[in-house]
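Protein chains in written order, with the working numbering: chain E, 356 to 660; chain D, 51 to 342.
Source of the hints: derived by calculation from the structure; they are not laboratory data. Hints may be right or wrong, so weigh each one.
What the hints assert, rightly or not - If you want the footprint, here are the derived chain E segments under chain D, 3+ residues with CB under 8 angstroms:
no.: 1; stretch: 418-432
no.: 2; stretch: 450-464
no.: 3; stretch: 481-488
no.: 4; stretch: 511-518
no.: 5; stretch: 521-527
no.: 6; stretch: 586-598
Unchecked claim - Here are the simulated lysine to any residue pairs, SDA-like style, with alpha carbons at most 25 angstroms apart:
no.: 7; chain 1: D; residue 1: K140; chain 2: E; residue 2: V480
no.: 8; chain 1: D; residue 1: K140; chain 2: D; residue 2: F325
no.: 9; chain 1: D; residue 1: K140; chain 2: D; residue 2: P256
no.: 10; chain 1: D; residue 1: K140; chain 2: E; residue 2: L478
no.: 11; chain 1: D; residue 1: K140; chain 2: D; residue 2: P260
no.: 12; chain 1: D; residue 1: K140; chain 2: D; residue 2: L328
Ideal Cβ positions, reconstructed from N, Cα and C, are used throughout, including at glycine.
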Amino acid sequence: MSTATAEGGASPGPTRMRSRSRWAPYLFVAPNMIVFAIFTIYPAINGFNISFFDSRNGRTFEPVGTGNYKQILGDAEFWGVVRHTAIFVIAFVVVTMVLSTALALMLNAQQRGRGVLRAAYFLPVLLSPVVVGLIWGWALERRVGLVNTITDAIGLGQPGWLIDPTLAMTCTVLVGVWTHLGFYALILLSGLQGIDGNVYEAATLDGAGTGQTIRLITLPLLRPTMLVVLILSTIAGFQAFDFIYTLTGGGPTGSTTLIVQYIYEQAFESPIRYGLASAAGVILFITIFGITLLNYLLGRRQEAV
Amino acid sequence: MSTATETASTTPTPVRTGVRSAPSTGTIIRTTLLITGAIIMLIPVAWAVLSSFKDTSELAQRPPTIIPRDPTFANYTEALTSFNFLTYFKNSVIVTVAATALTLFINSMAAFALSKYNFRGRNALFLLTLATIMIPLQVILLPVYQVVANLGLVNSLWGLIIPPAATPTGVFLLRQYMLTIPDDLIEAARIDGASEWRIFWRIMMPLCRPALAVVAIFSIIWRWNDFLWPLIIAQDESVYTLPVALARFNGQQVVPFNLVLAMSVLTILPVVIIFLVLQRHILTGIAQTGLK
Chain E
356 MSTATAEGGA
366 SPGPTRMRSR
376 SRWAPYLFVA
386 PNMIVFAIFT
396 IYPAINGFNI
406 SFFDSRNGRT
416 FEPVGTGNYK
426 QILGDAEFWG
436 VVRHTAIFVI
446 AFVVVTMVLS
456 TALALMLNAQ
466 QRGRGVLRAA
476 YFLPVLLSPV
486 VVGLIWGWAL
496 ERRVGLVNTI
506 TDAIGLGQPG
516 WLIDPTLAMT
526 CTVLVGVWTH
536 LGFYALILLS
546 GLQGIDGNVY
556 EAATLDGAGT
566 GQTIRLITLP
576 LLRPTMLVVL
586 ILSTIAGFQA
596 FDFIYTLTGG
606 GPTGSTTLIV
616 QYIYEQAFES
626 PIRYGLASAA
636 GVILFITIFG
646 ITLLNYLLGR
656 RQEAV
Chain D
51 MSTATETAST
61 TPTPVRTGVR
71 SAPSTGTIIR
81 TTLLITGAII
91 MLIPVAWAVL
101 SSFKDTSELA
111 QRPPTIIPRD
121 PTFANYTEAL
131 TSFNFLTYFK
141 NSVIVTVAAT
151 ALTLFINSMA
161 AFALSKYNFR
171 GRNALFLLTL
181 ATIMIPLQVI
191 LLPVYQVVAN
201 LGLVNSLWGL
211 IIPPAATPTG
221 VFLLRQYMLT
231 IPDDLIEAAR
241 IDGASEWRIF
251 WRIMMPLCRP
261 ALAVVAIFSI
271 IWRWNDFLWP
281 LIIAQDESVY
291 TLPVALARFN
301 GQQVVPFNLV
311 LAMSVLTILP
321 VVIIFLVLQR
331 HILTGIAQTG
341 LK
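So here's chain E without its partners, still in its complex pose:
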C-alpha cells in the first residue's frame, strides 16, 4: 500500500496492482525456500565444513584440514564400500534400464488386460522398503524360504542366497530392481504414449517389421524419457539403503554394505566420527553430481546427432 502512495501520481489502479504483485511472488516462494534453506542448503554447506574437522565422540571439533579425506581414501573398508556401491549401481541401472524398457514396450503393445498388468507391476513401488527387505529376506531364507523350496524341487539344491557374498549382492540388486521396475516402466510408458502415431503408420507403410520399428523409430524417439530414467535410477542406486538394511543388514561380512549405510554407521553408531561421515557425504555428492552431469551431457549429445 505504502509503495502505491509513494509511487502514486500516475493512474492509481495499475500501479497498485504492480506493487502488489511485486511482493507477492516472494511471499509465495518464501515458505518453501525457508524450509530448503534450513534443512537442505545450510546443512549441505555445513556438511562440507564438518568434513574438515575431527570430532572425538561427536563432541569436541578439531580442524584437521584434509585429514578426514586422507584417512578415508586410505581406508580399505571404505574402498570395499565404494566397490560394492559401484557394483550395485552399475548392475541395478543396467538391469533396470533393460527390463523397464522391455516392460514398457510390451505393456504399450498389449491390448488386453493392460490395466491389471500395469497395476501388478506397480504394486512393489507402494511397499515400504523395510517390508520389502523383510519379505524377501524371508523368501530367500535357506531352509524355510519360498525360493529354495522351488530350487530344491527342480533339483538346484538350496543355495545360501544371503550367506554367500556374491549371491547376496545379486539378490540385493534383484530385489532393488523388483522394487523400482514398475515406476520406471510407467515413466517410459508415458513417454511411449507421447510418440506421434503417424510415425508408426509411415513405418508400417514402408514395410518395417515390429523389431525394426522398435529399433529404428521407437527407441530413438524414447531417448529423452530413457535419459530421465537413467538419471533417476542412477541416483536411486547411490541412495539405496533401507531395504538392504532389513534384507542383509549389509552382510555377509560387509559384502552388501553400500555408501549410505557407511555414512549412517560413521555418524550414528559408536565410535561416532562426524568428520568421516561428512567427508563420505561430500564424496557421494560429488559422485552423484558428476555422473548425473555426464549422463545428461552424453544424452544431450546423442540427441543432437
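With the hints as your guide, set chain D onto chain E.
Frame of chain E; chain D shown alone:
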C-alpha cells in the same frame, strides 16, 4: 490412446489393432512374458500375506506351505496387543497426513510464484530448487540431524514432518503443470479485483487438481514408507513410525517372526488400499503431468 485410434481409423494394420484375427505368435509370447513377470512381482507379497495367517509351527515348517492349513488371526491379535502397534500406526498417520498437507501447500505456493510471476531472482530460485534434487538426504544426513537437534526437534513428530517437506520434485511437477494454465485467467481475475492470494487459492489450486493429486499420492507413499530419516529422529519408542518399529523389532532376537509378518501386512495395507481406490488417477496422472 490417440495413437491406437488414429491408426485404427486410417489403416487397419493387423499388427497394432489385432482385432478379431487369431492372435499372432508375437502376441502370445508377449502376453505370456507379461503374465509370468506379473506373477513374479506378486508372489512374494501374496505369500507373505497368506503366511501371516499361519501359526508359528506352520511358519517353521519345511518345505513351507503356500495356503495356510488352519487360517488364524492370532498373529494379528497378538501383534496388536503385545506392541504399541496403535501408537506407531497413529504416528505414521499423523506424519503422513501432516507432511503431505504441508508439502502440497508450500510446494504449490512456490510453484505458483515460479510459473506465474516475473520477478528478480526467479530463475536463480528455480535452479536452486532443481539443484537440491542432487543433494538427497542420504548425502547430508549428519548436518541435517544437527540442525534438527539444535532446534530441539529430535524425538518429536515435528522433526519428522517439517524437514523433508520442501520437495524439489513437487515444486517442479506443479510448476510444469501451472505453466500450461493460461495467464489470461489470472489477468482477468486481477482486473476483477481479486487478491493475489485469492487467485492462487481459488483459481490456481482447483485447476491444478490432477497435478496436486499426483504429488499427494507420491508424498503419501514416500512418507508412509520412509525409513532412514525417522530412524534417526525417532529414537524414543513413543515416536516410532511403523517402518522404524518393524526394523527395530526385526533386529531383536526375542520378537517372533509371525508378529513381524503380521505387522508388515498391516503396514502395507493402507497404501495398497489408497492405491487401489485411486489407481486410475495415479497411473494416468503420472502420464498427464509429464513426469519427464
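Hint check results:
1. Taking a C-beta to C-beta cut-off of 8 angstroms, the stretch 418-432 of chain E contributes 0 residues in contact with chain D, too few for the three needed, and the coverage statement is violated.
2. Against chain D, the stretch 450-464 of chain E contributes 4 residues with a C-beta closer than 8 angstroms to a partner C-beta. That satisfies the three-residue criterion, and the hint holds.
3. With 6 residues having a beta carbon nearer than 8 angstroms to a beta carbon of chain D, the stretch 481-488 of chain E meets the requirement of three or more and the stated coverage holds.
4. Figure legend: the stretch 511-518 of chain E, annotated as covered by chain D; annotation inconsistent (0 residues with Cβ-Cβ distances under 8 angstroms, at least 3 required).
5. Coverage of a stretch by a chain is defined here by at least three residues with a beta carbon nearer than 8 angstroms to that chain's beta carbons; for the stretch 521-527 of chain E and chain D the count is 0, and the condition is violated.
6. Against chain D, the stretch 586-598 of chain E contributes 5 residues with a C-beta closer than 8 angstroms to a partner C-beta. That satisfies the three-residue criterion, and the hint holds.
7. Distance hint between K140 (chain D) and V480 (chain E) is fulfilled; the C-alpha atoms sit about 23 angstroms from each other, no more than 25 angstroms.
8. Distance hint between K140 (chain D) and F325 (chain D) is fulfilled; the C-alpha atoms sit about 20 angstroms from each other, no more than 25 angstroms.
9. Proposed proximity of K140 (chain D) and P256 (chain D) is contradicted: the alpha carbons are some 30 angstroms apart, above 25 angstroms.
10. Restraint check for K140 (chain D) and L478 (chain E): satisfied, since their Cα atoms lie roughly 24 angstroms apart, inside the 25 angstroms limit.
11. Distance restraint check for K140 (chain D) and P260 (chain D): the Cα-Cα separation of roughly 28 angstroms exceeds the 25 angstroms cut-off, and the hinted pair is therefore not satisfied.
12. Taken as a hint, the K140 (chain D) and L328 (chain D) pair is honoured in the structure, with Cα atoms around 22 angstroms apart against an allowance of 25 angstroms.
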